[in-house]
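Asker: As a plain string of letters, each chain reads:
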Amino acid sequence: MGSHAPAPQPARQAVPQPPTPSPAPPAPARRSDYHEPEMLTGAQAVVRTLERLGVDTVFGLPGGTILPTYDPLLDSEKVNHVLVRHEQGAGHAAEGYAAATGKVGVCIATSGPGATNLVTAIADAHMDSVPIMAITGQQASNMLGTDAFQEADIVGMTMPVTKHSFLVTRAEDIPQAIVSAYLIASTGRPGPVLVDITKDAQASTAPYVWPEEPQLPGYRPVLKPHAKQIREAGRLIAGARRPVFYIGGGVIRAGAEEELLALAEATKIPVVTTLMARGAFPDTHNQHLGMPGMHGTVAAVASFQKADLLIAVGTRFDDRVTGDLSSFAPRAKIIHADIDPAEIGKNRFADVPIVGDAAEVLRQLHIELREHQPEVLETGYEAWWQVLNSWKSTYPLGYEHNSEGLCDPEYVIKRISALTGPEGIYCAGVGQHQMWASQFVTYDRPRSWLNSGGLGTMGYAVPAAMGAKVGEPERQVWAIDGDGCFQMTNQELATCVINKIPIKVAIINNSSLGMVRQWQTLFYDGRYSHSELNTGHNTARVPDFVKLAEAYGALGLRVERNEDVDAAVEQALQVNDRPVVIDFTVPPDAMVWPMVAAGVSNDEIQYARDLRPDFSAEEEEEGQA
Amino acid sequence: MSRHTLSVLVENKPGVLTRFTGLIARRGFNIHSLAVGTTEREELSRITVVVDVGSVALEQVTKQLNKLVNVIKIVELEPEASVRRAHMIFKVRADAAARPQIASAVEMFRGHIVDVGPNTICVEATGERSKLDALRQVLEPFGIKEIVQSGTVAIGRGSKSMTDRAPRV
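Chains P and Z supply the protein sequences, listed in that same order.
The first sequence begins at 1 in my numbering and counts up by one.
The second sequence begins at 1 in my numbering and counts up by one.
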């Protein structure tokens, strides 16, 4: 027998259990009071299964092949259906709901174009490990493969961007498929799961049997880290002089923020949180260095470059973090912990690979250090902190006021954050507004920052904010959006108005595809090829976002000067019966700094245009060491 | 780059092969040979796939394949610890004069003549890839009109079985 293909050996394999249905299933029936299972249509089985899984909200839009399921959905008292205006909105709303609450987000669409409209959101959830379940109608099983009306092979189409998918052609298979999908979406490394159900499966009748056992012999996520690897990690930490925690979104998905805080405070090791991990560690904590990567803080980026050990947890060494991989963190050994074994060593060799749940890994590491490397807890890393603090104080996040008298985007976002507070939820799509929102909102708790990190989806913010607000109605939810992004999915304002989902939308309106424009400024000689949107100051203002908001029945406001920002934000925070859209007019030339250009070494970080931090003092010191 | 043989136990369900090959393709690996069939357990299929990759890439593709929910187990079969066989059928030009020569060559490779036409014969042979390549070289001068071949199948030597500890489905 050949050897096993190389893979980190798990200590113990956790066999996932089906989620506890809500309400709890009846105790196993004794023979005497055995009941014949109830006969339900497949459509009823879909709704019943969602109810028993505890799903309280689904976002969707009906159409031909999913109509059977929409009929019993009308009668459900437990599942609230939110009718969106575009299926992409349903997908992102499910993502926003999931990212804000930690529960599985559910979206429903019909076959064909309904299903294909979900694809962007599914791909987005796949990249950012968001637990969503997408239920789609499908043509009747005897029509499959005939190019029937609104037939699309959505299972085939989404195979590369789903964690798993099911094509269900028989009513009796529906409960097992939905329960398995829910389980797969929410356990291990979370992700999107698609359940495609043919119309005849929904329409026909079968005994309804709750699946007690998941039939997933090939699905065994490893949650418990291997003790030997933890010991090795402890040894590396004990030998390090310049360690850094490199924290990724996995820490938020795992709910491991308390374990992280405890371990970081016990060791005094500095913490860096990636774009997906903003809020995993409080921004206000003095051990926090900020975000790494292309638009990271100088302290965070430089800490990686000068570190002798990275303790990477729930992160994947994405190219936007590492820049040129060969020169990334050149002196650092790597401890890489992730629940997905395939992420470990994918981009950067890991000296100590650890497969496991982030909370469990951090807890075990803490115990290991306390019991076997207690000197680590005394170290304090004074010399390292001196260097780090000098970077922090020399190169704080900042911005220059514009000379046109318009709003500064950074200022707008800072004020939204200050006036809303740490309990707010802040959503962004992709681009300049996303980077500024990541930099200038103060995140002090997890699940307060929702954005499209991996896929970089324009249009994520408004529907994601809608989903988040439905999931967390007590919290203020802001979509900090760009004028380009907003135009991709703003139709969901109608959904928000009709369903009384009072989100706030702050459009950082620079009248252009801002990040495209920034790159054109920096790398294409200022040739602005098709990046002007004419939505802003001194343009035709098409559309006029204030009028657009009013047309939808939302409150629309326009702010053109910094001194008017507070009043508008405060007014928006007072409105709770409808959405608010604030059109913040900002100059098109504002740029996101610091910046490491794509594919370039992180050593080349620019604090502002053509201004490279001076690391010579530290380099000299290292030479002597 | 080197050649590796992976034996993969999967659930015997529709669409599993698509997931498997799709993943290999989109991660940028080339499949050299592929063979699929059911096993002694009806609910399980076994895929034997031969890929040309370096060791780091092999680890990555193995981990990615392991993430497929329908994949139950992956084992790399080392050449010295496994038996590997492929099947080939050749249609070779053969007039009356060439036939005896071909027959004797086929005999040496323990192949069989499975069809005889007026101007051609069909030859089948089973074996390691290297043996089949050698047979092909021998047949080449006669004029090969058509070749069809199976993917390599492989099994570990010794008493252990890949399905021994596979979970029940």
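Keep in mind that a hint or two might mislead.
[Stated by the list, open to error] Computed from the model, here is a short list of chain P residues facing chain Z with C-beta under 10 Å:
{"hint": "1", "residue": "Met127"}
{"hint": "2", "residue": "Glu151"}
{"hint": "3", "residue": "Arg170"}
{"hint": "4", "residue": "Arg189"}
{"hint": "5", "residue": "Val209"}
{"hint": "6", "residue": "Trp210"}
{"hint": "7", "residue": "Gln215"}
{"hint": "8", "residue": "Pro341"}
{"hint": "9", "residue": "Ala342"}
{"hint": "10", "residue": "Leu419"}
[Claimed, not checked] Residues of chain P placed beyond 10 Å of chain Z at every Cβ, according to the derived structure:
{"hint": "11", "residue": "Gly64"}
{"hint": "12", "residue": "Thr146"}
{"hint": "13", "residue": "Gly156"}
{"hint": "14", "residue": "His164"}
{"hint": "15", "residue": "Arg241"}
{"hint": "16", "residue": "Gln287"}
{"hint": "17", "residue": "Gly345"}
{"hint": "18", "residue": "Gly398"}
{"hint": "19", "residue": "Asn402"}
{"hint": "20", "residue": "Gly405"}
{"hint": "21", "residue": "Pro473"}
{"hint": "22", "residue": "Gln571"}
Treat the hints as calculated values from the structure; they're not laboratory data.
A virtual CB, placed ideally from N, CA and C, is assigned to each residue, including glycine.
Asker: It remains to establish, for every hint, whether it holds in the given structure.
Answerer: The hints, checked one at a time:
{"no.": "1", "hint": "Met127", "in the structure": "14 Å, violated"}
{"no.": "2", "hint": "Glu151", "in the structure": "17 Å, violated"}
{"no.": "3", "hint": "Arg170", "in the structure": "13 Å, violated"}
{"no.": "4", "hint": "Arg189", "in the structure": "8 Å, holds"}
{"no.": "5", "hint": "Val209", "in the structure": "18 Å, violated"}
{"no.": "6", "hint": "Trp210", "in the structure": "20 Å, violated"}
{"no.": "7", "hint": "Gln215", "in the structure": "7 Å, holds"}
{"no.": "8", "hint": "Pro341", "in the structure": "5 Å, holds"}
{"no.": "9", "hint": "Ala342", "in the structure": "4 Å, holds"}
{"no.": "10", "hint": "Leu419", "in the structure": "43 Å, violated"}
{"no.": "11", "hint": "Gly64", "in the structure": "24 Å, holds"}
{"no.": "12", "hint": "Thr146", "in the structure": "17 Å, holds"}
{"no.": "13", "hint": "Gly156", "in the structure": "7 Å, violated"}
{"no.": "14", "hint": "His164", "in the structure": "4 Å, violated"}
{"no.": "15", "hint": "Arg241", "in the structure": "29 Å, holds"}
{"no.": "16", "hint": "Gln287", "in the structure": "33 Å, holds"}
{"no.": "17", "hint": "Gly345", "in the structure": "7 Å, violated"}
{"no.": "18", "hint": "Gly398", "in the structure": "40 Å, holds"}
{"no.": "19", "hint": "Asn402", "in the structure": "44 Å, holds"}
{"no.": "20", "hint": "Gly405", "in the structure": "50 Å, holds"}
{"no.": "21", "hint": "Pro473", "in the structure": "34 Å, holds"}
{"no.": "22", "hint": "Gln571", "in the structure": "48 Å, holds"}
In summary, the structure is inconsistent with hints 1, 2, 3, 5, 6, 10, 13, 14, 17 from the numbered list given earlier, while agreeing with the others.
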